[in-house]
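Asks: Spelled out, the chains give:
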Amino acid sequence: MVMNTDTAQKFVSFEALPAFLAKLAAGATLYAPRRENKAVVYRPWQAGDKVELSLRPTESCKHVVFPRSEELFSFDMGGDPEKPGKAGLTLQEASEPGPAVVFAALSCDARGFLAFDPVYDGCGTGGKAKDTYYLKRREKTTLIVRTCKSSLNTCFCTWVGGSPASSEGADALLTEINGGYLLEAVTDKGASLLASLPAASDEQSAASRAAREQAVQSAPQPPQDMIKAPAALGALFDSAAFWEKQSAHCIYCGACTYLCPTCYCFNITDESNGLKGLRMRSWDNCMSPLFTLETSGHNPRQEKANRLKNRVGHKFSYYPKIHSGRFSCCGCGRCIKSCPSSVDIRKIVLDAIKEAANV
Amino acid sequence: MSIQDDIKAAIAKALQDIPCVIGWGAGPEPLRATPLFMRNAADVENFTAGFLAVNNPALYLPSCKGVKTALVVKGCDARSVGQLVAENLVKRDELYLIGYPCSGVIDVDKVAARLEGKCEPGEVTRLREENEDVILDTPGGEVRLAKKDIAADKCARCRYPNAESADVFIGEKRAPVVDQDEYADLADFEKLSLEERKAFWEKELSRCIRCYACRNACPLCVCRDHCVASSREPHWLTQADGVRDKLFFQLIHATHLAGRCTGCGECERACPVGIPVLTLKRAFSRQVEDMFGYMAGIDVNTTPPLLTFRLEEPEIKEREW
Amino acid sequence: MSVLNTKELRIIGFLCNWCSYGGADTAGVGRFTQPTDLRVVRVPCSGRINPLFILKSLLGGADGVLVSGCHPRDCHYAEGNFYARRRLELLKGFLPVLGIDPRRFEYTWVSASEGQRWQHVVEAFTAQIHGLGPARGWPEAPELEILNAVAR
Chain W
10 MVMNTDTAQK
20 FVSFEALPAF
30 LAKLAAGATL
40 YAPRRENKAV
50 VYRPWQAGDK
60 VELSLRPTES
70 CKHVVFPRSE
80 ELFSFDMGGD
90 PEKPGKAGLT
100 LQEASEPGPA
110 VVFAALSCDA
120 RGFLAFDPVY
130 DGCGTGGKAK
140 DTYYLKRREK
150 TTLIVRTCKS
160 SLNTCFCTWV
170 GGSPASSEGA
180 DALLTEINGG
190 YLLEAVTDKG
200 ASLLASLPAA
210 SDEQSAASRA
220 AREQAVQSAP
230 QPPQDMIKAP
240 AALGALFDSA
250 AFWEKQSAHC
260 IYCGACTYLC
270 PTCYCFNITD
280 ESNGLKGLRM
290 RSWDNCMSPL
300 FTLETSGHNP
310 RQEKANRLKN
320 RVGHKFSYYP
330 KIHSGRFSCC
340 GCGRCIKSCP
350 SSVDIRKIVL
360 DAIKEAANV
Chain D
128 MSIQDDIKAA
138 IAKALQDIPC
148 VIGWGAGPEP
158 LRATPLFMRN
168 AADVENFTAG
178 FLAVNNPALY
188 LPSCKGVKTA
198 LVVKGCDARS
208 VGQLVAENLV
218 KRDELYLIGY
228 PCSGVIDVDK
238 VAARLEGKCE
248 PGEVTRLREE
258 NEDVILDTPG
268 GEVRLAKKDI
278 AADKCARCRY
288 PNAESADVFI
298 GEKRAPVVDQ
308 DEYADLADFE
318 KLSLEERKAF
328 WEKELSRCIR
338 CYACRNACPL
348 CVCRDHCVAS
358 SREPHWLTQA
368 DGVRDKLFFQ
378 LIHATHLAGR
388 CTGCGECERA
398 CPVGIPVLTL
408 KRAFSRQVED
418 MFGYMAGIDV
428 NTTPPLLTFR
438 LEEPEIKERE
448 W
Chain S
591 MSVLNTKELR
601 IIGFLCNWCS
611 YGGADTAGVG
621 RFTQPTDLRV
631 VRVPCSGRIN
641 PLFILKSLLG
651 GADGVLVSGC
661 HPRDCHYAEG
671 NFYARRRLEL
681 LKGFLPVLGI
691 DPRRFEYTWV
701 SASEGQRWQH
711 VVEAFTAQIH
721 GLGPARGWPE
731 APELEILNAV
741 AR
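Listed in order, the protein sequences are those of chains W, D and S. The numbering used here puts the first residue of the first sequence at 10, with every later residue one more than the last. The numbering used here puts the first residue of the second sequence at 128, with every later residue one more than the last. The numbering used here puts the first residue of the third sequence at 591, with every later residue one more than the last.
One or more hints might be untrue.
Taking lysine to any residue and the SDA-like style, the derived pairs with C-alpha atoms no more than 20 Å apart in a straight line are [stated by the list, open to error]:
1) 59(W) / 243(D)
2) 59(W) / 333(D)
3) 158(W) / 333(D)
4) 330(D) / 53(W)
5) 330(D) / 727(S)
6) 274(D) / 241(D)
7) 597(S) / 679(S)
8) 356(W) / 241(D)
9) 646(S) / 679(S)
Note that these hints are calculated values from the structure, not bench results. As the structure is a prediction and not an experimental result, all values here were calculated from the model.
Next up, chain W with everything else stripped away, as it sits in the complex (with noise of 0.2 Å):
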């Protein structure tokens, strides 16, 4: 629910700022980048926590909605071990998630949340295979972004319709003036969270309204012919060569998968120990060969250039096929910036481009 941003500008000081963030820790868990060694990581904050802004986090905080591990249910096959033929099955559902925030998350963490919803709100099924377990906790997570100084060389959300200083999805902005901050809500969930606050001074709002557009004009251009990726990628979904080039050095890990805000899949399996155990579900990436392995034995996907293939396709082409032309990619840039051996997703898109034109 959007509401007029103009009523809802407050102030809050960089020295007022870790009350404000003990008074959101105390209803809620308040995940905030956090440096950790050499990474900046979102860690549920307490009290002498500093907030790592001067550095962008490593991670994207999608676990926070969409957990590395999970309980689905916890299970008793009961009876005697002894006389397996007299179980007493059990089930027990996880608990409730509780209620969090995430304070100072970047416009394109937000945004890659706007990629899982349709997934997982049912689409394609008319909204009855709806993911409850993600849906309750993204009902239960309050997001306070915060808008970017600057560009690093590995961004690009203005390619994929973001901008450093982009609320969409988020519940309030977050933008740093003299002094301090200025936090404007953008839903109700957001307002009710800044309730406490004092209002901002029209100068403060100005001054917030003019690092927003300083932030929009550093932001690097996007390419002219984006629209075209979709369409280029499966022309490109049969050549071999093309794959094989683009893949080369990929030594397919998953850490862009698991950064990236926008990458959403999963595996689900049982961990039991005796008669009771639990069922899990925790993320899978589409880089590993096993990711698509067969009882059967075979793989669909054997070759590391297919699996690249099936990112970036499922990124710019499959996704937004379905999806009314939005990317399943909110331009973050951390699956460059993280990835080992430099495999750069953007050059593959606009590679592909060019290589779909000349076919």
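Given the coordinates of chain W, work out where chains D and S should sit on it, guided by the hints.
Replies: Here is chains D and S on its own, set in the frame of chain W:
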């Protein structure tokens, strides 16, 4: 002609009878190169060696089996190749190695530390090398850094800067940086008590996202697609997001690398969340060196110590009961 | 009941089929009393023991792990224990890196006729582990608690 041009000439020559030469080319940003698979003259134009030539090209060898392949190698890369050959995992006569004197490679995390408070490494728009320095263009102006301050840790303890096993060597050989690896990194770690070490690994591993980049970046991890970590039967690991499983994966990697790891450090560099996983392998390497006098990847004719034994082991002091 | 008269600890023993398992049998036949903390896993040969067995046990909550095989030069398969000796020695030296006290793991050689020696090894090792006390566990994903509840 610069060394760079001489290497390009050697690559072009190799391409006359070898279909592919693996080296490095310009990457997605100024601080990073990317592995480059060269098949024609146009590809060779994109070749770059030197301070940004970080990736270990030996990684790709097991997938090139049966096809003659050429690599441009640093000293540490050549050790990985040597170990693969020693274990008969690749055939030496299917390889052509182009060596050059390596004077160290960049560690982007160290650049990040030097730029702290100024900008992120991802905001550097240009890198120029000037003798022993690099000059970075940043939003706040030029920043000059000494290469030795931002070189990878392994470069400060490099005993083999020249790819000694190369088929052709371009340039003049360099002296080793050190004669003996003192494992000073482990000495620092070992100042911690047992309790502190356990807490250290619990904290560091809690960040692990189980992407297995460490495994896939390791040139000696040759079972990649058939890793025991991915096996359900036997069930070594659960799918849960817990420290115990994450640490256990590292122990799978480290024990499988014992006596084989050449210390190229690609596992640790590949880790997106900066977990110091090389420490585990270095701890094994030091023991292997002390106990068996063996260094992986140096002599292809010596059997790796865990693939052989002696009837009497003078270095193993068994405990009395 | 533990002969040490304290709470029993969890000690895993990996014994080779041909010597040490026989040695333990001999100790049993000879009615040599032993502490009951040890849980024995029989393996074909000490050379079969993957160091990961030991690490998995220690991370999974074992307070101690004991490996016992044929004496060197007596291996049923001629050389399995020679390979094992190298691996196990490296592993023992590695444990402190993880913050695990290396005394929680020992390996030794006991032949099928050495019932008395087996009794001594078990007593000595169990006393050593009781001296160290229960091991501090490694954190597990919270949802897996249900599995641990069964294990205990």
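Asks: Under the constraints set out in the numbered hints, which ones does this structure not fulfil?
Replies: As far as the earlier hints go, 3, 7 and 8 are violated by this structure, in ascending order.
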